[in-house]
Structure formats: C-alpha cells, structure tokens
Amino acid sequence: MVRIRLSHRTTRPPCPVASGPVYLLLPAHDEADRVAAVIDRLPAQVLGRETYCLVVDDGSADDTARRATAAGASVLSHGANRGLGAAVRTGIAKAVARGAAMVAFCDADGEYDPGELERLAQPILEGAADYVVGSRFAGRIGDMRPHRRIGNLVLTRALRLVARTPLSDGQSGFRALSRAAAVEAEIAHDYNYAQVLTIDLISKGFRYAEVPITYSFREGGHSFVRLGSYLRAVIPTVLRQLNPP
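According to numbering that gives the first Met the number 0, the sequence shown is numbered sequentially starting from 0.
Don't read these hints as lab results, they were simulated from the structure. Glycine included, each C-beta is placed from N, C-alpha and C at the ideal position. Check before you lean on any hint, since a few could be wrong.
As the list claims (entries may be wrong) - Taking CB as the label site, the calculated pair distances span:
id : residue 1 : residue 2 : range
1  : 71        : 164       : 32 to 38 Å
2  : 73        : 157       : 32 to 38 Å
3  : 61        : 96        : 23 to 29 Å
4  : 12        : 215       : 35 to 41 Å
5  : 9         : 78        : 34 to 40 Å
6  : 46        : 78        : 35 to 41 Å
7  : 148       : 32        : 23 to 29 Å
8  : 146       : 204       : 31 to 37 Å
9  : 13        : 49        : 23 to 29 Å
10 : 20        : 127       : 18 to 24 Å
11 : 43        : 216       : 35 to 41 Å
12 : 147       : 114       : 22 to 28 Å
13 : 92        : 211       : 38 to 44 Å
What the hints assert, rightly or not - The list that follows gives simulated cross-link-like pairs (lysine to aspartate or glutamate, EDC-like), each with its CA atoms no further than 16 Å apart:
id : residue 1 : residue 2
14 : 203       : 183
15 : 93        : 32
16 : 93        : 185
17 : 203       : 185
Please model the complete structure; the sequences and the hints are all you need to start from.
This is the structure in structure tokens:
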C-alpha cells in the first residue's frame with residue numbers, strides 16, 4: 000500500500016546550541032535590481048552572533064553576482080540554472096563548511112525582510128527548536144494575489160496532513176536551521192525544497208517551530224517556481240520520501 004502520510008519519525012534528544020556565526024543564504028536568479036537592497040537589510044549581528052550573507056547565483060543572465068558582491072555578500076555561482084532546491088542545497092553545504100551555528104535562507108527579491116532574522120534565530124539559538132519557518136499567515140501579509148493565497152493554503156493543509164505536524168505556512172521562503180539540522184538536511188530534488196525539507200527534518204526528529212513574519216508581494220523579477228512544474232516535481236518526490244525502499 001502506498002503511504003501518503005509520514006508513518007515514522009526518529010526520536011532524538013535536543014541538539015546542543017552550536018557556537019559560531021549566523022549565515023543568511025539568498026538563492027538568486029536574475030535579481031540584479033533587488034539583491035543589494037535585500038543584503039543591506041541584514042543586521043550585522045543577531046543575538047550577539049555575527050552575520051554573514053551568502054548568495055547562490057543560480058545561472059543568472061544579469062548582474063546579480065556582481066551587485067551581490069558589491070553589497071558585501073559572498074557569492075557562489077552555478078554555471079547554469081539548476082533550480083531553487085539545488086541553490087539552497089549548495090548554500091547550506093557552504094555555510095556548514097564555514098562553521099555556521101545557524102543557516103537561514105530567504106528569497107533575494109525583497110518579498111521577505113532579513114531585518115526580521117532575529118525572530119527565526121531566537122528559538123534556535125536559545126535551544127528551543129532546530130527548524131524554524133517564518134509564517135506569513137501568522138504574521139502580516141502586505142499583499143498576495145488571491146490565487147496564490149488559496150494555493151498556499153491548500154498546499155499547507157496537505158503538508159500538515161502528510162507531516163502530521165501543526166503548521167500554518169508550508170511554502171514560506173524564509174526559514175532557518177540549526178547547525179545539526181543543516182548537517183543532516185536532505186533536499187530531495189533540485190526544483191524546490193519546501194515540502195521535502197520539512198518532511199525530511201520532521202521525520203528525523205528535529206524540533207519544528209514557526210514565528211510570524213512580514214511578507215510583501217514581489218513587483219517583478221524572475222520567480223524560481225511555476226505551479227505546474229512545481230506539482231510535477233514535488234508530488235512524486237514526496238511519495239518517494241513517504242515510501243522508501
């Protein structure tokens with residue numbers, strides 16, 4: 000029988016809080032007009048920890064990499080567009096290799112505010128959670144098109160049932176992982192990460208939490224995600240996660 004809900008989760012003791020800096024990862028594709036402003040909003044410290052910005056330029060055809068570097072970020076470049084999941088995977092691995100105590104990531108288009116990073120960092124750096132999602136629906140949404148709001152709510156309800164976890168925003172693009180969670184995180188496909196990362200970390204026993212955040216509708220730019228491609232990529236991968244060999 001094919002399982003459509005998470006049937007097992009590992010029991011693990013709380014992970015100790017790691018020493019080291021906080022990294023904010025910005026996966027970016029053709030965001031030259033916006034990336035510098037997003038980097039500028041990153042606070043220099045969060046809860047006494049230094050912060051660093053790491054941009055993964057996912058095959059941009061514009062000046063994203065140069066403008067990110069000029070704004071003070073470290074930049075990793077994919078030679079071709081590999082997808083949001085691949086960009087996040089690359090960034091997490093690099094941040095862990097550089098000794099990050101916590102890795103956060105958000106979109107590089109200005110929809111999310113890095114100035115709110117402390118909200119996500121606090122549960123992790125105080126030892127209360129391992130995986131924190133910034134919830135738009137628990138916070139303030141500046142604007143969201145009706146079809147996107149409905150789609151987000153439908154997909155969130157589906158993820159809530161699959162993961163057997165109370166959550167309010169399954170598709171948020173602003174998230175944070177403790178070092179321990181980042182080391183073990185597996186993003187099972189290149190296209191996106193939201194559902195597969197949540198299922199992966201919850202199944203491994205990492206503690207999940209949400210915090211309210213502010214969201215502003217993107218005025219332009221190039222989205223990583225198209226709904227049809229998203230569903231075709233995500234659904235088979237989620238089913239494989241729930242039904243391992």
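Outcome of the hint check:
no.	hint	in the structure
1	71 - 164: 32 to 38 Å	36 Å, holds
2	73 - 157: 32 to 38 Å	36 Å, holds
3	61 - 96: 23 to 29 Å	28 Å, holds
4	12 - 215: 35 to 41 Å	39 Å, holds
5	9 - 78: 34 to 40 Å	36 Å, holds
6	46 - 78: 35 to 41 Å	36 Å, holds
7	148 - 32: 23 to 29 Å	25 Å, holds
8	146 - 204: 31 to 37 Å	36 Å, holds
9	13 - 49: 23 to 29 Å	24 Å, holds
10	20 - 127: 18 to 24 Å	20 Å, holds
11	43 - 216: 35 to 41 Å	28 Å, violated
12	147 - 114: 22 to 28 Å	23 Å, holds
13	92 - 211: 38 to 44 Å	29 Å, violated
14	203 - 183	9 Å, holds
15	93 - 32	25 Å, violated
16	93 - 185	14 Å, holds
17	203 - 185	11 Å, holds
When the structure is compared with the earlier hints, violations turn up for hints 11, 13, 15 and for no others.
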